[in-house]
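S.K.: Chain by chain, the residues run as shown.
Protein chains: 6
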Amino acid sequence: MVKTVAEFSKEREQLNEIVMKHADLTIKRFYSLDSQAYREGALPSKTKEMLGLVASLVLRCDDCIKYHIIRCHEEAVTTDEIVEALGIGLVVGGSITIPHLRRALQAWDELGN
Amino acid sequence: MVKTVAEFSKEREQLNEIVMKHADLTIKRFYSLDSQAYREGALPSKTKEMLGLVASLVLRCDDCIKYHIIRCHEEAVTTDEIVEALGIGLVVGGSITIPHLRRALQAWDELGN
Amino acid sequence: MVKTVAEFSKEREQLNEIVMKHADLTIKRFYSLDSQAYREGALPSKTKEMLGLVASLVLRCDDCIKYHIIRCHEEAVTTDEIVEALGIGLVVGGSITIPHLRRALQAWDELGN
Amino acid sequence: MVKTVAEFSKEREQLNEIVMKHADLTIKRFYSLDSQAYREGALPSKTKEMLGLVASLVLRCDDCIKYHIIRCHEEAVTTDEIVEALGIGLVVGGSITIPHLRRALQAWDELGN
Amino acid sequence: MVKTVAEFSKEREQLNEIVMKHADLTIKRFYSLDSQAYREGALPSKTKEMLGLVASLVLRCDDCIKYHIIRCHEEAVTTDEIVEALGIGLVVGGSITIPHLRRALQAWDELGN
Amino acid sequence: MVKTVAEFSKEREQLNEIVMKHADLTIKRFYSLDSQAYREGALPSKTKEMLGLVASLVLRCDDCIKYHIIRCHEEAVTTDEIVEALGIGLVVGGSITIPHLRRALQAWDELGN
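Chains as they are written, first to last, in the numbering used here: chain E, 1 to 113; chain L, 1001 to 1113; chain S, 2001 to 2113; chain C, 3001 to 3113; chain F, 4001 to 4113; chain B, 5001 to 5113.
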């Protein structure tokens, strides 16, 4: 079955430790750049997390989707907003995204929305 | 291990309920359009399901592949036909589709073919 | 060389006429759904166009990128905002998006930004 | 502007000569396998060409789409059939396929359909 | 949780048996071509396995990545080399590859590197 | 027709100037990281350029392919090596990569190989 948000976050952390054990400067700088891109700027963090979510949906990466769903929840995105953002991803990316849309909304639901 | 066809169908149904709980008009209309596209028309349903199967194989979506494998079985596609259709997907999409081809034929086998 | 925004829009219109000449109900309903998804709602049109832009960048579709660049310009997105949105697309989608990023900013520049 | 079918076929032939000038056994065997996959078998050539067309549409390769559009025309696929096949590709692959759908129907139109 | 290398290899073997039970000449020839492409030639096997690994990372196929990680280990690729190869995949393919990078390095670690 | 290597390099330079005119720190750091990843290290530059080439082929980005073809030429990769590397990309990525393989070998040929 689908992993819970807690299981997902724990596994993610454990695997990131393995990455950091082996990472060279290129990988470390990429991780740092990845954090920087989502920082509050001309666009609010909330918008940036929705951009990351829709990009992850159309590229169909479950782990990336779940991560941004959690971050959108932390940034107080509303259910109406998340559904509209996911709807754009669905229309752009097509029915092939539906299995990921299902798991995105399952995680959103699990977070109490 | 690989999910059985029954487990897959049950999970799919449960998650679709969560989608419908939150869905707006865009998502609902997309679901409706998705059903419409596969309806018997100038092309028979059987051909349309094979089109959906090959599209899902080259885009490498296991859930979509399994769904169309089940539908092809219901539409009485033969093993020779399914293997030729999957072969086109393999040649178009390359060796990166092989793990999905394996799971496609595992599901096909499980359905008694 | 790169097409101008005017050449792009004219060609797009001409080809859409050919689509509509042949389109069946499925294709027509998809076009209608595609318009609906970007309409002002819980999220403002401006945010939706940026979501469409980033989705198009990570999927690396030049025509889709140019279309959303034009729409973002119409919605008065600022250069700082467009650059931050494209930066998220670049980090998510990697260096493979750079040729599309170049053409995105070329079109943005051409629009007088 | 869009290349004509004749220009496309001529360029394709010229470039294939360059491929064959340099190709090793792996590339030659791949080309041969690519031809074999579309040969009449349990599925008719016509169905196989539509499978190749839809796979090419969802993977968004203009050259591959144009090639299969020409082959579908040679196999006497009707406009109603081609439109339904493309409609499945559009629904599976999403709005990101629309620029390719436009060019597919432009080529179909040019072939006198 | 993540499958062990042993579990992965066993499941892969079992599913390949199902493929071979149903495979036609196209699929069998593809499998044979897939083996041939990685054979020692102008490029050493070690380089070819790294090419397969990076191609698998940017296409985000966990099974393909794990297979090439195992083969790179057999070909005595060093940790410094694997990390630099994965770093190129990360930069080319973007943050969307990070979940696969994590699992790649987890498998590399599990192999005693 | 296909752009010459000289036309390609000139256009690339002009568009990069537009990127740098608008780029923020995220985009600038990405460009810098992109250069760093290909620097001589545990793996020689020559191998790294082939990794970039194959990644670009399977992701089907003509501009990226042409760039790495030029770089491979500068690093004195032989025709036998380039053909084997491209062959791996073709097998991994499938027939959908063939139009890009054609243009890759056309550029390789143009460079006097």
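Keep in mind the hints are simulated off the structure, nothing from the lab. It is possible that some hints are incorrect.
Facing chain E, a subset of chain F residues (Cβ under 8 Å, in silico) [said to hold, decoys possible]:
hint, residue
1, Ser-4035
2, Arg-4060
3, Thr-4079
4, Val-4083
5, Val-4091
6, Ile-4096
7, Pro-4099
8, Leu-4101
9, Arg-4102
10, Arg-4103
11, Leu-4105
12, Asp-4109
13, Gly-4112
Note that beta-carbon positions come from the ideal geometry of N, C-alpha and C, so glycine has one too.
S.K.: All hints are to be evaluated individually against the structure, with a verdict given for each.
M.R.: Verification of the hints:
Because the closest C-beta pair between Ser-4035/F and chain E is about 29 Å apart, greater than 8 Å, the hint is violated. Hint status for Arg-4060/F: holds, given a least beta-carbon distance of 7 Å to chain E, under 8 Å. At about 6 Å, the closest approach between the beta carbon of Thr-4079/F and any beta carbon in chain E falls short of 8 Å, and the interface hint on this residue holds. Of the supplied interface hints, the one on Val-4083/F holds, with its beta-carbon coming within about 5 Å of a beta-carbon of chain E, less than 8 Å.
Interface restraint check: Val-4091/F against chain E, minimum CB-CB distance 7 Å, threshold 8 Å, status holds. Annotation: interface hint on Ile-4096/F holds; nearest CB of chain E at approximately 5 Å, less than 8 Å. Satisfaction of the interface hint for Pro-4099/F is found here, the shortest Cβ-Cβ separation to chain E being roughly 4 Å, below the 8 Å cut-off. The closest approach between the C-beta of Leu-4101/F and any C-beta of chain E is roughly 6 Å, which is under the 8 Å cut-off, so the hint is satisfied.
A hinted interface residue such as Arg-4102/F counts as satisfied when its beta carbon comes closer than 8 Å to some beta carbon of chain E; here the least separation is about 4 Å, so the hint holds. Restraint check, Arg-4103/F versus chain E: the minimum CB separation of about 7 Å is within 8 Å; hint holds. Annotation: interface hint on Leu-4105/F holds; nearest CB of chain E at approximately 5 Å, less than 8 Å. Interface restraint check for Asp-4109/F: the shortest CB-CB distance to chain E comes to about 5 Å, inside 8 Å, so the restraint holds.
Residue-level restraint check for Gly-4112/F is violated (minimum Cβ-Cβ distance to chain E is 13 Å; threshold 8 Å).
Checked against the numbered hints given earlier, this structure breaks hints 1, 13; the rest are met.
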